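> Listed here are the chains, written in short residue letters.
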Amino acid sequence: MNRTIVRLAARAILGGKRVWLLGVLGVLLVGIGVGTRLLVPGSPSASLDALRTIAFGTFLPLFGLIVGTGVIGPEIDDGSIVHLLSKPVSRHTIVQSKLVVALLAIVGFAVLPMVLAAAIIGAGAQTALAFGVGGLCAGAVYCVLFLLLAVITRHAVIIGLVYALVWESLVGSVIPGARNVSVQQWALSVTGSIAPHGVVDAHVGLGLAWVLIVVVVALGTWYAGTRLRVLVLASED
Amino acid sequence: MATLDVTACSRWYGNVVAVNDVTMRIAPGITGLLGPNGAGKSTLISMLAGFLPPSAGTVTLDGAPIWKNQEVYRVLGLVPEREATFDYLTGRDFVVANAELHGLPDPGAAAQRAVETVAMTDAQGRKIGEYSKGMKQRIKMAAALVHDPAVLLLDEPFNGMDPRQRLHLITLLRSMGAAGRTVLFSSHILEEVEQLANHIEVLVAGRHAASGDYREIRRLMTNRPHQYTITSGDNRALAAALVADRSTSAVSLDGDTLRVEATEFLRFAELLPRVARDAGVRLYEITPADESLESVFSYLVQA
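As they're listed, the protein sequences go chains A and B. Going by the numbering used here, the first residue of the first sequence is number 13, and it counts up by one from there. Going by the numbering used here, the first residue of the second sequence is number 273, and it counts up by one from there.
Because the hints were derived from the structure by calculation, they are not lab data. From a predicted model like this one, the values you see are computed outputs, not experimental measurements. C-beta atoms are modelled at their ideal positions from N, C-alpha and C, and glycine is treated no differently. You may find that some hints are simply not true.
Here are the simulated DSBU-like pairs of lysine-lysine, each with C-alpha atoms no more than 35 Å apart in a straight line [unchecked claim]:
1) B:LYS408 to A:LYS29
2) B:LYS399 to A:LYS29
3) B:LYS340 to B:LYS408
A few chain B residues that don't get close to chain A, going by computed Cβ distances all over 10 Å [as the list claims (entries may be wrong)]:
4) LYS340
5) ALA415
6) THR443
7) SER447
8) VAL553
9) THR559
Stretch by stretch, here's where chain B covers chain A in the computed footprint (C-beta under 8 Å, at least three residues) [what the hints assert, rightly or not]:
10) 19-33
11) 92-101
12) 197-208
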């Protein structure tokens with residue numbers, strides 16, 4: 013990790029208009045908690061289901077896309093990454109530093125609001141904690157995947173959007189076999205294991221989920237650094 | 273002292289060859305990379321800067337390959353052509369960040385020195401996004417100089433600079449060249465390169481067209497067939513008198529105009545008015561037919 017790169021990435025993510033978008037999405041998450049609490053009387057389980065679907069199915073992939081590509085994509089697009097790359101700093105260090113910022117942004121703007129929303133719904137401390145840990149897992153995987161995508165292709169946002177909306181929201185929930193390769197299901201498996209029995213159903217075994225999460229995060233981070241090392245930056249002649 | 277070596281280096285994109293079998297050595301001092309737009313100058317600089325692998329051949333700095341070797345940046349400074357920097361930073365923060373990324377022991381002092389070198393002390397507290405093009409160029413220069421590199425690569429550094437900034441940069445680069453640094457800059461303007469570079473490398477259509485000091489390049493560029501179209505009181509009489517001299521290689525009559533190809537530029541310049549006077553022919557108009565830089569360059573490639 014390199015403190016200068018962390019500082020620069022944090023300013024890039026939080027200094028622009030993106031911070032407002034993230035802030036609004038975060039507030040929206042808390043708002044869902046408040047709204048369901050007020051509008052759906054009685055047991056919190058229906059409200060919790062709604063929060064789980066929206067948070068894990070839509071918000072986390074979307075946040076991952078915004079911050080994962082956001083910490084590096086614009087710099088590659090406009091060429092300013094040349095100022096980071098023309099330094100004797102390991103490319104893996106650059107990737108890891110950027111990921112730390114992306115992950116902190118997800119925790120601040122998505123995971124904490126999720127926990128808060130779960131608490132407002134009245135889910136209890138254990139369930140709220142489960143949402144937090146699950147959200148952190150999903151956030152980490154999405155950050156790595158979308159940052160890697162931004163290093164590999166200039167069309168990362170479009171590909172990521174299709175993935176987030178079509179794959180995670182539709183395919184993963186409709187085709188049972190596809191669930192094994194759904195980040196959402198891995199995260200839900202972790203959430204389900206922490207939450208009281210029966211609160212959150214998961215379709216992927218806990219062991220497999222952990223293995224997949226750790227492997228994807230580790231391999232993705234390493235591969236992004238490797239790809240950044242051979243990033244071609246040539247202005248058109 | 274640092275030397276860049278480009279050896280049998282080619283770079284192609286699909287079917288398009290941007291750099292074609294170029295071999296050159298860039299030694300300490302100031303080298304100008306001259307060529308028309310699209311000649312492959314930026315491609316070559318990208319390879320020298322380690323942001324593009326050669327398709328064939330090698331590009332090395334003191335014998336070490338540059339591609340995939342981030343250690344070269346300890347001695348190499350790069351001023352890219354693209355303007356994009358971190359617009360949300362102040363000029364000073366940007367240069368300090370560069371110093372930190374180089375792992376310098378005292379980033380603040382190094383940044384201060386670099387900012388002073390490019391005369392940006394007064395504007396260093398403003399955001400880069402608010403800078404003019406020339407100021408952005410200078411702050412990029414400060415960032416590239418902050419670790420006191422032995423090699424400095426500049427891609428079209430004079431683009432968008434006003435005459436005063438241009439003069440300042442020329443002075444700065446001269447002092448760096450005099451201090452024994454290896455400075456390479458690209459340009460498509462002969463006068464710019466001539467003014468500054470001790471050594472000139474000419475690149476045309478991806479090929480290494482010429483190499484030498486500016487006198488040599490100037491001679492190559494002037495001692496080539498020059499074409500003129502002339503209108504006069506009596507084209508036929510003038511043609512007869514001109515073709516008798518050895519400084520002309522071809523004379524043709526084309527309706528109302530006379531086309532002349534001269535092999536020796538200076539001799540022809542003296543010859544034409546004298547011959548016209550002696551023959552009693554009045555000259556109305558003399559137009560050089562191919563004085564564009566592109567035609568000069570394409571002549572060099574054929575030579």
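> Hint by hint, say whether it matches the structure.
Hints and how they fare:
no., hint, result
1, B:LYS408 to A:LYS29, "holds, 23 Å"
2, B:LYS399 to A:LYS29, "holds, 17 Å"
3, B:LYS340 to B:LYS408, "holds, 28 Å"
4, LYS340, "violated, 6 Å"
5, ALA415, "violated, 7 Å"
6, THR443, "holds, 24 Å"
7, SER447, "holds, 22 Å"
8, VAL553, "holds, 47 Å"
9, THR559, "holds, 32 Å"
10, 19-33, "holds (count 6)"
11, 92-101, "holds (count 9)"
12, 197-208, "violated (count 0)"
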